[in-house]
Structure formats: C-alpha cells, structure tokens
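Take these sequences, add in the hints, and give me the full structure.
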Amino acid sequence: MLTEVAEAVRLQEGPPGVRSVLRALRRLAPASTKDLSRATGLPVPIVAALGNELRRRGFITTQRPSRLTEDGLDLVARLGMDLSLDATCTTCDGRELVIPDVLDEAVRRLRALMESGPAADMAIDQSHCTAETKVRRVLALLTAGALPGGSLLLIGDDDLVSLAVAVVGDVLGAPIVERVTVVDISPEILDYIRKVSAGLGTRVETVRHDLRLPLPAEIRGQHDVAMTDPPYTPEGARLFLSRAVEGLRPGPAHSIFFSFGGKSPDEMLEVQREIMGLGLVTNALIRNFNEYEGSGILGGVGFFQHLLTTTSTAPSHEGEFSGPLYTGDKRTRQREYTCVACNTRLRVGPGARWTAVAALRTEGCPNCGKGPFRPGRLVPAEDPTTPAEQPPTPAQQAAPPQQAPAPAQGIQP
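My numbering puts the first residue of the sequence shown at 908, with every later residue one more than the last.
I should point out that these hints are in silico values taken from the structure, not numbers from a laboratory. For every residue, glycine included, the Cβ atom is placed at its ideal position computed from N, Cα and C. Check each hint, because a few of them may be wrong.
Computed Cβ-Cβ distance ranges for the label pairs, DEER-style [to be verified]:
no., residue 1, residue 2, range
1, 1106, 1172, 12 to 22 Å
2, 1052, 1117, 46 to 56 Å
3, 1229, 1275, 41 to 51 Å
4, 1275, 1092, 37 to 47 Å
5, 986, 1085, 54 to 64 Å
6, 1026, 1183, 48 to 58 Å
7, 1092, 1023, 17 to 27 Å
8, 923, 1117, 54 to 64 Å
9, 996, 1225, 36 to 46 Å
10, 1012, 910, 30 to 40 Å
11, 1085, 908, 51 to 61 Å
Pasting the structure below:
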C-alpha cells in the first residue's frame, strides 16, 4: 500500500515519504497540510496529494484538519509507528535560538519596514522571510562569533537582513558590525536599504550588480563573513555561494550562512555536491529555521546552514554564468489542479494560463469563480493529450461539491 500511494503521486521519496506523513499525522493530529509539510520537509502540493490518496483508502478523515481514521490508526500500529513521543524543544520549537525580550522592539520595527518595503518577485524565487526570522539570523551571526565587529557581505538582500543588523544595533545602542555590503540587482531594494539605513548608525554600502557576473574587483576578498538566500535550484546555490566565496578574505574558518528550501533527496545531493565542490564544510544546519511569507509550497519554511571555508575553498564560477538559475527556468512540467467547488480540472505551469498556483488562486476558477484547488498529477508542459482547462463532466456536475478546506490547509503560493 505504501508503494502504491507513493507511485500514485510520483513521490521521489517512495514509501519512506508516505511513512513520514503517517508518522507526522499520528503525532500532530489534527494537522493541516502546512503542518505536515513542515514536519516532513515535503512540499505542500505533495503532502496534499498524499493526503488525498490516503483519504481515498480510508486512512484519513474527510474533515479538515486531518486525523487518522480507525483504519489509519490500525495501519500505523501495524507499521510500528504508534509512538507519538515528541522531543522537540517547546521553547525554541527546534530552531535552537530564542529571540530575547530586549529585541522584541527590533521585530516590531522590522515588521513595519517590511510593510513599506519592495514587494517580493516570485519569478526570481523571492519570498520574504518574517521579521522574527530576520532577527534570528542576526542572532545566529552573534552566536557563531561572526559578529560583533568585522565586515558582512550579503549576496542578495530582498530579505533586508542588512536592515535587521542595523535595527538590532540601534535597539542595543551601538552598531554590531563595522561594515555591511549588500550586492543585489534590484534598484528598488538597494534604494530602500540606503534610505532606511541612513538613520540607523550602521555603515551599509550597496552595490547594484548582476550576480551572473563576477563580483566587482573592489569588493572581492574584502569581507569576514557572508550570508545568502539564493534561488532554490542547485545552480542558484552554486552561483550565489561561489560569489560569497569571492567576497570573503582568503583563508580557512570564514563563515557563510546559507538559507535554502527543502528539496527531494536527489536534489539536495546536488546542492551538497556544490558545497563540497567549493571546498566548504557544514558547521551546523537547522531545519525550519527560516519562516517565509508567501512561500507556502514549501510549507513556508527553509533550513539555515552555517558553512566554513577551508584551505581548499575557491570560487567555482569565476566567469559569467549563463545557464538556468531560477526555479521557473527549469520547470518543464505542469500540474493539474481540481477546483474543489465545481470539479473543473486546470493546469498550472509553463505554457499554461497560470504559471503559478498563486495566480490561479487570485483569479479564481474560470468555471465557477471559486476555489480552493486540489493538486493532482504532473504532466509535461508540451503534453497535448490533456487540455489546459477541462470543465466537469455531467456526472461531476451532478455530484455535490466537496467541502472546501479552511484557508490554512489550502495550497499556498
């Protein structure tokens, strides 16, 4: 049964991935799709598809949030997963860092700055981390001894970590870094950082630059520590980490703090190979450390990795990079979604009317104007056998619509 469910949704993690969802349901129930995604590291659409397969087999309740049925509980017991012990720290929720009360003001101020700052561009894999995450990243720099003092290089800063460093310093009464250098291609982001940081007492320098090109000579080899949250592809990780290496002073034991979203084991193997190829080693990794706004396909979370340079560290891209970089550049398949209200089947992805499910949710079902939408199978973008929009059959129209899940369980952008 585990194999059948995994094959039905083409789950790369196979039966162990199905086990992880059942185990999380046993421990967390009642649990939303987003809760299960965060607990298992599987993308929200995959968790939703697995839930539908298990629900069809009578192992999960039809009510939301989801629970195991009696048959589901019996299955979990027969699989030897009936223990619901949870040793996760209830204070830090497994993130290893807790924001002290003295920095509550920094969280509030950063939240306000986010509201008035530039919007995220999802076409280039931007998704802003929360104000709490920004402060936690600063605390991670302090805890690791990378700060206070020294110089910090930010390879891309749509998350406004430069302002988080400046705001934390302002709240504590003195700058916590000698210099912050922000390298980003967006003039809107750089203008906003310059405008806000001017009154905060921290020296923040901005450099408008396309990271497909090598770093400008004046900032190469000039920094003590770097941080990056690159596009969520192996190529993006390799390029942004390589540019971070370019900007660090030569020698071992310099820190790079690297944020990334959860991927399949094979995709993560590619990312780890890129890290090893750069001559970097992992000093620490915290799952679900980063929380994002508007990144629900990954459960709104990502990991945070502390890397160290070695005597073998060297950039892997010293010239211009011209290959695919962003998730959209590599996407070759569309996913079918079914409108829960009227059963119309719709396709989302490259070449379809909606390139992302966020656009479909914003526009609503073209047949009934409603939603939400249940994910289905993946199909090649060029596949001519499945129409981009397929209205419900007469039998489907006669069937009563399924109860729409609460917004928290719906597929997020």
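Tested hints:
1. 1106 <-> 1172: 12 to 22 Å: Since residue 1106 and residue 1172 have Cβ atoms about 47 Å apart, the given range 12 to 22 Å is violated.
2. 1052 <-> 1117: 46 to 56 Å: Violated - the Cβ-Cβ distance for residue 1052 and residue 1117, about 32 Å, lies outside 46 to 56 Å.
3. 1229 <-> 1275: 41 to 51 Å: At 44 Å between Cβs, range holds.
4. 1275 <-> 1092: 37 to 47 Å: 40 Å, holds
5. 986 <-> 1085: 54 to 64 Å: 55 Å, holds
6. 1026 <-> 1183: 48 to 58 Å: 36 Å, violated
7. 1092 <-> 1023: 17 to 27 Å: At 21 Å between Cβs, range holds.
8. 923 <-> 1117: 54 to 64 Å: With Cβ atoms ~41 Å apart, the hint is violated.
9. 996 <-> 1225: 36 to 46 Å: The hint (36 to 46 Å, Cβ to Cβ) holds, given that residue 996 and residue 1225 are roughly 42 Å apart.
10. 1012 <-> 910: 30 to 40 Å: 53 Å, violated
11. 1085 <-> 908: 51 to 61 Å: At roughly 59 Å between Cβ atoms, residue 908 and residue 1085 fall inside 51 to 61 Å, so the hint holds.
Checked against the numbered hints given earlier, the structure breaks hints 1, 2, 6, 8, 10 and satisfies all the rest.
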